[in-house]
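**Student:** Now for the letters of each chain:
2 protein chains.
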Amino acid sequence: MDITDWRVKIDEIDRQIVALISERAAAAKEIGKLKRSTSLPVYEPNRERVIFENVRAANKGPLPDIELTHIYERIIDVMRALQKNELASQEKPTDGNQ
Amino acid sequence: MDITDWRVKIDEIDRQIVALISERAAAAKEIGKLKRSTSLPVYEPNRERVIFENVRAANKGPLPDIELTHIYERIIDVMRALQKNELASQEKPTDGNQ
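Residue numbers (our numbering), protein chains in the order written: chain A, 740 to 837; chain B, 740 to 837.
Because the hints were derived from the structure by calculation, they are not lab data. Accuracy of the hints is not assured; some may be wrong.
The list treats identical chains as interchangeable, and a pair is accepted whether it falls inside one copy or across any two copies.
Unchecked claim - Quick list of in silico lysine-lysine cross-link-like pairs, DSS-like style, CA-CA up to 30 Å:
1. K748 - K772
2. K748 - K799
3. K768 - K823
4. K799 - K774
5. K774 - K748
6. K772 - K823
7. K774 - K823
8. K823 - K799
9. K799 - K772
10. K823 - K748
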């Protein structure tokens, strides 16, 4: 395979990754809704530890765990922001003094 | 579905994402090898633009494009480092003065 062939393959992989990240984001939004009804915090360090353990356990290379962790730190940051927005959008409007 | 159910689903999605990121990394390594034989640089801004366009075109939500772009910036950083290592590992050893 030449560089162009590999890039076609990468573009296809990227579309699959985007679909999975979107599916993951939709699930995170649902959890955001449930967190509001159960008053759970958005930031849960124990859950994040489980996510990183799961990711490392699934890693068969060629990326070292640390590099995969760097990618997942960004994914989790984005998902946490999404949950915060989800919670904020469900807040009752206030006059700003409550 | 309760929070536990959604988390089981997310863990499964994460394992699929890890498998695809690994596949992408293996392809990036192959490109790194080909870049060495063709003397192409690791950093190619035009190619990175194409990757971001492909990612945005594939995005059907719920994440805004900008958030997906943040994730992909990290993915591309990691892949670029991998290619650099691939190239470095193929360099002929020198005495440090060449």
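**Student:** Checking each numbered hint in turn, tell me which of them this model violates, lowest number first.
**Tutor:** Violated hints: none; all satisfied.
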